[in-house]
Amino acid sequence: MTTVDDGLDLEQVADLLRHRYQQTLEQIATQTAETRDLRQAAHQDTGDMADAGSLISDTAQHDIVTAALSEQAGRLASALQRLQDGSFGTCGRCAQQIPLARLEIMPWATHCVTCQQHAEKLR
Numbered sequence: 001m002t003t004v005d006d007g008l009d010l011e012q013v014a015d016l017l018r019h020r021y022q023q024t025l026e027q028i029a030t031q032t033a034e035t036r037d038l039r040q041a042a043h044q045d046t047g048d049m050a051d052a053g054s055l056i057s058d059t060a061q062h063d064i065v066t067a068a069l070s071e072q073a074g075r076l077a078s079a080l081q082r083l084q085d086g087s088f089g090t091c092g093r094c095a096q097q098i099p100l101a102r103l104e105i106m107p108w109a110t111h112c113v114t115c116q117q118h119a120e121k122l123r
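Per the UniProt record's numbering, the sequence shown starts with residue 1, numbered consecutively.
Quick caveat, the hints were computed from the structure, so don't treat them as lab data. Fair warning: there could be bad hints in the mix.
[Unchecked claim] Derived DEER-like restraints, expressed as beta-carbon distance ranges: (1) Ala41 with Leu16: 31 to 39 Å; (2) Arg93 with Glu11: 39 to 47 Å; (3) Gly53 with Ser87: 43 to 51 Å; (4) Gln96 with Ala60: 39 to 47 Å; (5) Ile105 with Thr32: 42 to 50 Å; (6) Ala60 with Val113: 40 to 48 Å; (7) Gln84 with Leu25: 14 to 22 Å.
For clarity, every value in this text was computed on a predicted model and none was experimentally measured. Glycine included, each C-beta is placed from N, C-alpha and C at the ideal position.
Please construct the entire structure, taking both the sequences and the accompanying hints into account.
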C-alpha cells in the first residue's frame with residue numbers, strides 16, 4: 001500500500017478521484033444537454049418577454065455551472081495525473097509534503113496551506 005504523509009492510502013484516493021471525476025463528467029453532460037434545450041427554447045418566439053428573459057437568465061446560469069464543473073474536472077484529472085507520475089501530495093511551490101489533513105479535504109490540492117496562502121495574497 002502506497003501512502004503519502006504516513007497515512008493516506010493512494011489507492012483509496014485514486015478511487016475517490018476517479019469516482020468524483022466520473023460524476024463531474026456526468027454532471028457536465030447533463031448541464032450541457034439542459035443548456036442546449038434552454039437555448040432552443042429561447043430561440044422560439046413565445047411572445048412573452050418575461051419568459052424569454054427567464055430563459056436567457058437560466059441559460060447563463062447553466063453556462064456558469066458548466067464552466068465550474070469543467071474547472072473541477074480539470075483539477076480532478078490533474079490530481080489523477082499526479083498520482084500516476086508520483087508527484088501527488090508534494091507542494092508544487094516548496095516541494096514539501098502537503099499535510100494529510102489538507103489532502104483528505106482537498107485531494108486535488110497542489111500546494112501546502114502556506115504556499116496557497118502566499119499565492120492568494122499575490123492575486
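Each hint, compared with the structure:
no. : hint                          : result
1   : Ala41 with Leu16: 31 to 39 Å  : 37 Å, holds
2   : Arg93 with Glu11: 39 to 47 Å  : 27 Å, violated
3   : Gly53 with Ser87: 43 to 51 Å  : 48 Å, holds
4   : Gln96 with Ala60: 39 to 47 Å  : 41 Å, holds
5   : Ile105 with Thr32: 42 to 50 Å : 29 Å, violated
6   : Ala60 with Val113: 40 to 48 Å : 34 Å, violated
7   : Gln84 with Leu25: 14 to 22 Å  : 18 Å, holds
The structure fails hints 2, 5, 6 (numbered hints given earlier, in ascending order).
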